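S.K.: Residues per chain are reported as follows:
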Amino acid sequence: MPCERDRRWTLSTEVTASDLKALLVELEGEEAVVPAFAASVEPAALPALPQLDKPDWLSGIPRPYSWRDIAPFSPSSAVYFMDGYSDARIRLRESEEEILLQFWDKNTSIAASAPTVFAAGQEEVDHFTAVPPPLQPLARFPENTPDRYKRTTTYHALQVISMNMKAKDSDARLLIGLPYAEKYPELFFRTDIFGIDRRDESAASYGVVQSLTEFNESGGHKSPYTNGFPARSFFAIYHLIETPIGALFNKKATQMELQPSTDGKLALKLPPLPFNYSLINGPIPLFSVDEPDGQPIADLLAAHHNDQAAATVPTRDAWPWHGPSLEAIEPAIASARRRGND
Amino acid sequence: MTDSSPVDLFGPDWWDKVLAAWNASGCRHSLGGFGLSSFRVSDMDVERIWVYWDAEGNASRESAGATDVPTFSASRRDWLDFIDGRFTATAGVLRRRLHLEGSFRQVLPYTKAFNNLARVARPFV
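Here the protein sequences come in this chain order: A and B.
So for the first sequence, this note's numbering puts the first residue at 49; every next one is plus one.
So for the second sequence, this note's numbering puts the first residue at 677; every next one is plus one.
Here chain B stands alone, though its shape is the one from the complex:
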């Protein structure tokens, strides 16, 4: 069961719900040790979100963070398609539907884990 109280899509409260679900999921270990990253929606007036993944893969939202961390951005439509499983994280970056600022080499071991994150976020859109 997910909390059905309305929140702004991709806003801080929405992310808090998604990350809570992530931490309760069986696949949280797949992002273990990833560290800090950030997320943006290129065509919506929502703030940039920083998320920290610890060694166990538990996620917590940071109020702000460094700018030189892996940053994923996409349009609202492309984020929704990614969450809906219409393309994988790797295919998204490859086809320019997800834009990655930073080294793909750092992200490479975790690309499938981001697909897991999309699956966990699916009930919240």
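Excised from the complex, chain A in its bound form:
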């Protein structure tokens, strides 16, 4: 009676060992071979999992991290979307006044490269990042990267695709990536003013997520998957801050580094939500868009960028719903590049 037999094989969590034994006897007769576990194991008597010996290298994981925090990076390039909050404390040079600007968005998108292993001299190596034109689909170590990031371990190279943040109490906006390139192409694509130690070819903003571990495979080598999370991260940002008192931009990249979360840990996933990036290389001189080659008129003293949740859908005024008209800005891009070559 196979049909009946099938119907009766409906196990539930309430089946006991004696139930199972009775069932087998009924199905197979008194000759049934009753597995040892069915003869002796009751739910309350389930054995504990065996205690495995902890490998020596796990003992070396510094607090607050544990073995649960160790995971490989995502294997491919990817784009991440998130909501955000930023604030910037700015001092106006001539009046010595300080102002605090606060911005919010549901628009931020960041592209990450496939994981790769850093080696000395790789600062200038480009890695594919999935960003749309007119941005270049490449990312590299940001200029003036802190030495603590120059380690032989795995990292993702990052590029900010789009950030279009708005103040709630004024018309101020914070533009990074596409919206900056779209509105100020003659500035964004200048090849002669961005960067201090290295001349960047545009105001594209790069970043890094880099493993905190430096494990080797048993053969002594490292693959992109040998190390991963936990990780540190920082960005070198070129931003345009529009305010009713003028539009300000930076030439020295604003370095924003991930700060530990409330449990004392850095990134355990991407995006590293909840996150808090803080300015680490201020003050950052800010120049007027009206006089880009003039003297700085303000300084960025402090800045934060944080968020609690990933964005599910970016708002309609942001990429990928909205992007620059390449035809419209191409002449300005060409003009900016010519200016840099002169």
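Misleading hints may appear alongside valid ones.
Quick look at which bits of chain B chain A covers, simulated, 3 or more residues with Cβ under 8 Å [unchecked claim]:
(1) 760-774
(2) 782-796
If we take Cβ atoms under 8 Å as the criterion, some of the chain A residues that face chain B in the derived model are [stated by the list, open to error]:
(3) 269
(4) 292
(5) 295
Hints are computed from structural coordinates only; laboratory data are not their basis.
Since this is a predicted model, take the numbers as computed values, not measurements.
In this text, a Cβ means the ideal position worked out from N, Cα and C, and glycines have one as well.
Place chain B on chain A using the hints.
M.R.: Quick look at chain B alone, frame taken from chain A:
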């Protein structure tokens, strides 16, 4: 002591009193060389006022002036709040409570001086 004879708030006579107090104040030099500017109240039926600041910061009201000079406008309530020190000139422009027509770059070196002007005007409101 200020002259307590009644004048229309933000009218020419009111400005004359404020500017007289400004010229007698110790902080008049902070607006030295600013030149010509004008002031408006967006929701009151008072005329636009032109003020000229000379190299020493002495102020004089002009009967009329060019229209392409830095012009500050705000509602009566926002002017009163500014004079009361509830926000600075920079914060006012930033938050759109004071509207500036013209280049903020020209005003930038004088933003604190306009806060001084608000302080001087405070007894007259």
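S.K.: For each hint, tell me whether it holds in the structure or not.
M.R.: We went through each hint and held it up to the structure:
1. 760-774: holds (count 7)
2. 782-796: Since three or more residues must qualify, the claim that chain A covers the stretch 782-796 of chain B holds, with 5 doing so at under 8 Å.
3. 269: Not OK, violated: residue 269(A) not within 8 Å of chain B, min 55 Å.
4. 292: Constraint on residue 292(A) satisfied, holds at 5 Å.
5. 295: violated, 10 Å
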